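Can you build the whole structure from these sequences, using the hints too?
Spelled out from the first residue to the last, the chains are:
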Amino acid sequence: MISFEDFGKTYGRRAAVRSLTCSVLAGEAVALLGPNGSGKTTTLKAAAGLIRPTSGRVRIGDPPRDARLPAARRAISYLPQKVAFPDALTGREVLEFYRALRGAAAERVPEVLKFASLNGSSSRGVASYSGGMVQRLGLAVALLPDAPVLMLDEPTAALDPDGLCAFYGLVEKRRAEGHTVLFTSHQLGDVERLADRLLLLVEGRLVASLTQAELGQRLAERGVMRLRLDRDVPGLLGKIRQVAPTATRAGEELVVPGPAKDRPRVLDIVRANGVGIVNLVASEGRLDVLYRELVAEDHP
Amino acid sequence: MTLGSSPVALCARQELVLAARSRWTQIFAAVFGALALAVAASGYVLSGGGGLEDYARTATSLASLVILLVPVTALVIGILALSSDRGATEILFSQPVSRRAILFGRLLGLFVALAAAQAIGLGGAGLVIFWRAGSSGLSAYAILFAGSLVATAIFLAIAAVLASGGAVRRARALAIALIVWFGTVILFDVAVLAGATLLRSGPASRLLVTAVLVNPADAVRTAILLGIQGPTAFGSASLALLRFTRGPVGAGLLLGASTLFWILVPLALAVRRIERADL
Numbered sequence: 000m001i002s003f004e005d006f007g008k009t010y011g012r013r014a015a016v017r018s019l020t021c022s023v024l025a026g027e028a029v030a031l032l033g034p035n036g037s038g039k040t041t042t043l044k045a046a047a048g049l050i051r052p053t054s055g056r057v058r059i060g061d062p063p064r065d066a067r068l069p070a071a072r073r074a075i076s077y078l079p080q081k082v083a084f085p086d087a088l089t090g091r092e093v094l095e096f097y098r099a100l101r102g103a104a105a106e107r108v109p110e111v112l113k114f115a116s117l118n119g120s121s122s123r124g125v126a127s128y129s130g131g132m133v134q135r136l137g138l139a140v141a142l143l144p145d146a147p148v149l150m151l152d153e154p155t156a157a158l159d160p161d162g163l164c165a166f167y168g169l170v171e172k173r174r175a176e177g178h179t180v181l182f183t184s185h186q187l188g189d190v191e192r193l194a195d196r197l198l199l200l201v202e203g204r205l206v207a208s209l210t211q212a213e214l215g216q217r218l219a220e221r222g223v224m225r226l227r228l229d230r231d232v233p234g235l236l237g238k239i240r241q242v243a244p245t246a247t248r249a250g251e252e253l254v255v256p257g258p259a260k261d262r263p264r265v266l267d268i269v270r271a272n273g274v275g276i277v278n279l280v281a282s283e284g285r286l287d288v289l290y291r292e293l294v295a296e297d298h299p
Numbered sequence: 000m001t002l003g004s005s006p007v008a009l010c011a012r013q014e015l016v017l018a019a020r021s022r023w024t025q026i027f028a029a030v031f032g033a034l035a036l037a038v039a040a041s042g043y044v045l046s047g048g049g050g051l052e053d054y055a056r057t058a059t060s061l062a063s064l065v066i067l068l069v070p071v072t073a074l075v076i077g078i079l080a081l082s083s084d085r086g087a088t089e090i091l092f093s094q095p096v097s098r099r100a101i102l103f104g105r106l107l108g109l110f111v112a113l114a115a116a117q118a119i120g121l122g123g124a125g126l127v128i129f130w131r132a133g134s135s136g137l138s139a140y141a142i143l144f145a146g147s148l149v150a151t152a153i154f155l156a157i158a159a160v161l162a163s164g165g166a167v168r169r170a171r172a173l174a175i176a177l178i179v180w181f182g183t184v185i186l187f188d189v190a191v192l193a194g195a196t197l198l199r200s201g202p203a204s205r206l207l208v209t210a211v212l213v214n215p216a217d218a219v220r221t222a223i224l225l226g227i228q229g230p231t232a233f234g235s236a237s238l239a240l241l242r243f244t245r246g247p248v249g250a251g252l253l254l255g256a257s258t259l260f261w262i263l264v265p266l267a268l269a270v271r272r273i274e275r276a277d278l
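The listed protein sequences correspond, in order, to chains U and Z.
The opening residue of the first sequence carries number 0 in numbering that gives the first Met the number 0; numbering runs sequentially from there.
The opening residue of the second sequence carries number 0 in numbering that gives the first Met the number 0; numbering runs sequentially from there.
It is worth saying that the hints were derived from the structure and are not from the lab.
Every clue listed holds true.
If you only want the chain Z side, here are some residues facing chain U, beta carbon under 7 Å, derived:
| hint | residue |
| --- | --- |
| 1 | Leu9 |
| 2 | Gln13 |
| 3 | Arg20 |
| 4 | Gly86 |
| 5 | Ala87 |
| 6 | Glu89 |
| 7 | Ser93 |
| 8 | Leu278 |
Some, not all, of what chain Z presents toward chain U, calculated at C-beta under 10 Å:
| hint | residue |
| --- | --- |
| 9 | Cys10 |
| 10 | Arg85 |
| 11 | Ser97 |
Keep in mind it's a predicted model, so treat the numbers as computed, not measured.
Glycine residues also receive a C-beta, built at the ideal position from the N, C-alpha and C atoms.
Okay, here's the thing in structure tokens:
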């Protein structure tokens, strides 16, 4: 549905994105992650037809068309990072304009106003809106057409909790309907909740592409079980290390890093040695930690 | 898709609404009307008389004012409108509409808004002149209005070139616009006249004719004066042009070609820039 083929973009002498080759399949929800300046917004803008690739190409839709062509943009709805609308227009006027431009049905306006919780303020000028309201109006504009591809640049950055809940509901609904979603976010919670796959960009290069299953596996590998035992038995740590090679002792605790699937075997070994468990705490790997590791691997 | 729901028409309507609500456009209409009335009233005051001048005299006096005011207004309002906030631009240009259609639509809306402001300004003053001085010379007033519209189209097209670069900052575009305005409306004439005084009659005439044709502000000003006064038009540039073209018809055609050039070429450049711009 979206394909980047050796896509590169240079601003002056600075390369924002270098040789990006990847694709987003129809019905997938993909998150673009990366530190500030890693090329996420440039990548999204190229897919929205807003910038010209310096090298390679970006194609959208089925059949695939160059993203710069208006016909390709019929397949997309794009929400930029900094949403803005003319101050002199009311929220409803903004929506009516974009509805007419996209040829959407008239009844879409009240529907998206309701979704964005802007029914009561649609006749007010955009100038009087808060940052969160402008963001919600932007989301409403993006939702007007039933475009198969939704592209969102940090969509949750300015949303309040109500807006966030509505947004999550919306993306999940779109995914359930088979729509494609490509979004950037600094909120790792968005990624865990919404994405089927994450693409990690660092300094304009793709350094990781992980599906939700691969992500789960990586996070599980970063899980830790901490045990407090009723007594110390010589040789126990060695036996446990046969199952969990990185197990170690930290004070009175036995620390067993590794995936959750290995833990029952560790517990079996403890019990088989006649040792009682006083306390057990297990925690899974965290996405923020994994993210930092992946970034650090590429850019120590 | 009907004509009214075409992307060009939709963008034009949106821009017209925005321009009509803009304080700049409202101020422009009020200032335009007030200056027209002031010019109409001042002619007789300066000669020791009273009352208002008729349409023809007012139009002649207003020609210079129109050439001074309309370009700067079209440039400033054009750039303010066309170089809107990045977020608004990104949303607009990510729609399945060609960039060319969006640009043409916005320019059309701005043109209609500025034309309406001028119609209100000149029309208001025109009603007072009609009431006090009658309808004599009304056609001259209409020619002035037409010239004002042509100047609006030319300088909106130039504003489009300056504002269509994508990453161009609004303040920078405005600064360039003011330089363009100062250069075309004031500096160019001073330089040409200074050059002409240093030359003999023949080359000086050729310089003046060339100057009229290459400078859009001069072309419109000369066209207005020739339209109002015909072959009796005075002014070094007008006289030189009339001599060169052997009459007002040839002069009109040349001036028409010049103004058309100054509308179409900047428009083509603006389209090229916006289509290549990174937004």
